[in-house]
Each structure stands twice: as C-alpha cells, then as structure tokens.
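Number of protein chains: 2
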Amino acid sequence: MRKAVVLLSGGLDSAVTLYIAKDKGYKPLCFVFDYGQRHRREIAAARKIAQAAGCRFKVLKIDLTHKRSALLDKHLGLSKHAIGSIPATYVPARNIIFLSFALSFAETLEASAVFIGAHAQDYSGYPDCRREFFRAFERMSKVGTKSGVEGKEIKIFTPLINKRKSEIIREGLRLCVPFELTWSCYRGGRRPCGKCDSCYYRAKGFRELGIPDPIFRDTS
Amino acid sequence: MRKAVVLLSGGLDSAVTLYIAKDKGYKPLCFVFDYGQRHRREIAAARKIAQAAGCRFKVLKIDLTHKRSALLDKHLGLSKHAIGSIPATYVPARNIIFLSFALSFAETLEASAVFIGAHAQDYSGYPDCRREFFRAFERMSKVGTKSGVEGKEIKIFTPLINKRKSEIIREGLRLCVPFELTWSCYRGGRRPCGKCDSCYYRAKGFRELGIPDPIFRDTS
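Each protein sequence line maps, in turn, to chains A and B.
First residue of the first sequence? That's 6 in the numbering used here, and the numbers climb one at a time after it.
First residue of the second sequence? That's 6 in the numbering used here, and the numbers climb one at a time after it.
Accuracy of the hints is not assured; some may be wrong.
No copy labels: a pair is met if it fits in one copy or bridges any two.
[Unchecked claim] Keeping only pairs whose Cα atoms sit at most 20 Å apart, straight-line, the calculated EDC-like set for lysine to aspartate or glutamate is:
no.	residue 1	residue 2
1	K209	D39
2	K66	D39
3	K147	E137
4	K151	E137
5	K147	E185
6	K32	E158
7	K157	E143
8	K29	E115
9	K53	E115
10	K209	E158
11	K29	E176
12	K32	E115
Derived by calculation from the structure, the hints in this document are not laboratory data.
Okay, chain A solo, but in the shape it has when bound (with noise of 0.2 Å):
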C-alpha cells in the first residue's frame, strides 16, 4: 500500500485532505506541527482527527517563536477577511518549512506523496498557498533529495487548491469527514469566536450550502 504525509492542522480543510488521502488509497501518515500557536486547540483537533480516520499521527515541535504574525502573538490583531493583500497572520516561510519536514518525513518513511490542504480560492493572501509555489517547491525537492535524484519523485498533493469553502465541506460530506472534530477559528475558546477570517469563511462555506455546521451542535 502506498504510504502518503498528511499534514493536518486540526481544521476543517485538512481533514478533508486527509480523507481524500485515503479515498486515493494512500495509507497516510498524520503530523502536526507544534509551533506555539496562539492556542493548544487545534493540535488537540489534529490528533482526535487522525485517530477517528485510523491513522498514525505525530506532534512535531518547531521554534517559530521568533516571527512577528498575529497567528503566534497575542499582542497582535487578527486581520478581518482582507483578499488580495498578506495579512498580520502570516507566518514568514511557513509552508515552506513545514513542507520540508513533510518531505523529510517523506523521505525517511518511503511515502510517494505529501498531501497538504492549502487552498487558493477563498483566498486570503498568503503567498504560500498558490498552485505556482507547490509546484516550485516540487521542483525544488526533486533535484534536492536522494528520492528526486534517483527517480522516485514525492508528489506535493493539493487536492483543494482550486476549491471554494463549500466544495471542500461537499467533498468532505461525501467522505463522512467527522466536522464536529475539527477546529477553524484563530481563537482558542470553548466556542468558535465566529468573527475571524478562518470563522468568517467556515460559516459561509456552510451556509452556502445551507447545512448547519456540527461543530456548534457538538460544543454547545
């Protein structure tokens, strides 16, 4: 069985990422990246998501600290769904460092694929997450590791690149994705604060399809 990274974040988009993972017939390997979020919710998400799919899942410490982004400090605001420019919640080279590792982990455990739930549409401004970057990085791994040198290419997977929100709930219906498991907002309360851009997008996503969303069925 052919073995695929699944990046998952404890939100919405990459659990639906990760079952499509295994609709392709990929068995996947889950990871988190622990790299002192605002909050601890989402990589609790992360890991109850990974068991509910019957996957192996590990928590990957690294040092962002060092960033100024509004998605690590609290002194900063979080930006109000902005589309076109970068906002505060960027992260400087994010994607970038956390696809490395992917392909490391890749690489290390013989897995053909990474698959990451980036999306372009609904698109927030974050450079790192554009069809032209995953391909560049492709590129870029494929002359820069042992796998890519020898001919066995590891395949940068962005099943929801050109989705809208509510195509990624559909899909996700469709794959009996657990919903109520996964966490979107940027805040960390009981509740999604339903205010942030995460919360904004996640909402109209669901009432486009005019469904409820179960993770206010679940938590209230």
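Dock chain B against the given chain A, drawing on the hints supplied.
Below, chain B without anything else, positioned relative to chain A:
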C-alpha cells in the same frame, strides 16, 4: 547596512562563508541548528566562531531524530569518502529544512541574503549541495514568500559552491578566519579522528597548500 542570515555548522566551510559575508559588506546574523547531531562539539565551535567575528548568534533546536542517517545515529557506520554515490551521512532534506528556516529568519529580520557554505567540488554526493538545488530553492522562495511576491528578493549565496577545499582554506587565510576554532570531524572527541570523510578532505586541503592545520596546534 544590509543584513544577511549566515548558517554556521561549526565547520571550516561555514566559517569561511561567514567571513566572506562580512567582506561583502553584510551584517551577518548567525544561526546554527541543533538537530541531534552525534556530538555537541560543532555547536560550541559555531558559537566561538560567531563570537570571534563579533556577530549575533542563535541556536535553533529542530527535531530530525526520526531520520536514519549516520550523522544522527551512532549505530550506523560513517562512510569512507565515497564520491559519486549518496553516502550514509545523507539526512533527508536537511539543507531544504535549514534553508527554509534561514529564509523565514531572513524575512522576519528583513535581511536581503542567506549565506550557506555548501560546495559541490570535493562533492560527496549530497543532492542538496549542488548549484541546481540552490537555484531551484531560490526560485521557489520567490513565489512562496511575502518578500518574494513584493519584489524584495532574498538571495541565496553559496560562495564556496565551485571551490575545492584548498581554495576555501586559501580564501579563509586571506580573510583571517580563526581555523583553530572550527570543527570538521564527524566524530566528537578531543581531537579530530582523521579518518572520516570530513577529516579526509580537510587534511587534503591543508596538505595541498603545504601548511599545517592550526586545529592540531591548539588541541595538542
């Protein structure tokens, strides 16, 4: 004054690279990675080199211990200067991970360059030490970072890439690099083992120039 992130390893090559960055008029910000190397001596060496050059210095701890490599695992043998094949000391995607962090630091600290002391001559088979890899990484970073998208490119400098070890040493002598502080040996005893790949090439370099390696003067 333009800032540059310089990756130090404690070895001779990265020390010469640091002095080249200074010579080019950059203000170097030095980073060394603590990634579970076989011995701690190289981190201590990197610190002394940065101090001698009067530069800021930071150790960044990263978890690479899941990987099978002779550089990390004391139970694996260290290869004997095999040229052309990829040796047991290869750590999957190591330079990709290192450069990703360097890029992230550079973006955060508003540095316009990253210096890394890799070289392809005396080439020991690492795919991530080749010029084509560094160019591919630079192209990827241009599309995957805020600074790249905004046209403030972060350049990856590999000033040693085409140099032989003896040429690197000659350049270091010109720039007054304190070679006695550098540590190249893959093993971590009081004196270099003289047998590993790294010792072999270092000794060969000094021999070609007809001068003694000051490391033997200082540790005797």
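Original post:
Checking K29 and E115: alpha-carbon separation at most 20 Å within a copy, between copies, both or neither?
Top reply: within (18 Å within a copy, 42 Å between copies)
**OP:** Tell me, please, which holds for K66 and D39 at an alpha-carbon limit of 20 Å: within, between, both or neither?
**Re:** both (5 Å within a copy, 13 Å between copies)
Original post:
When no copy is named, should K53 and E115 be tagged within, between, both, or neither for a Cα gap of at most 20 Å?
Top reply: neither (25 Å within a copy, 38 Å between copies)
**OP:** Classify it for me, K157 with E143: is the Cα-Cα distance of at most 20 Å met within a copy, between copies, both or neither?
**Re:** Classified as within: same-chain Cα gap 12 Å, cross-chain 23 Å, threshold 20 Å.
Original post:
Can you tell me if K29 and E176 fall within 20 Å by alpha carbon in one copy, between copies, both or neither?
Top reply: within (13 Å within a copy, 54 Å between copies)
Subject >> Homo-oligomer pair classification [E115, K32; C-alpha up to 20 Å] >> reply: Classified as within; 12 Å inside a copy, 41 Å across copies.
Subject >> Intra/inter-copy verdict for K151 and E137 if alpha-carbon distance must be at most 20 Å >> reply: between (23 Å within a copy, 14 Å between copies)
**OP:** With 20 Å as the alpha-carbon cut-off, assign the pair K209 and E158 to within, between, both or neither.
**Re:** For K209 and E158, neither the intra-copy (37 Å) nor the inter-copy (36 Å) Cα distance is at most 20 Å.
Subject >> Same-copy or cross-copy closeness of K209 to D39 [CA-CA at most 20 Å] >> reply: neither (28 Å within a copy, 44 Å between copies)
Subject >> K32 and E158: within-copy, between-copy, both or neither at 20 Å Cα >> reply: within (17 Å within a copy, 38 Å between copies)
**OP:** Pop the pair K147 and E185 into one bin, within, between, both or neither, using alpha-carbon distances up to 20 Å.
**Re:** Cα proximity of K147 and E185: none, with 38 Å in one copy and 38 Å across.
Subject >> Same-copy or cross-copy closeness of K147 to E137 [CA-CA at most 20 Å] >> reply: Classified as both: same-chain Cα gap 16 Å, cross-chain 10 Å, threshold 20 Å.
The structure fails to meet hints 1, 5, 9, 10 from the earlier list, while all remaining hints are met.
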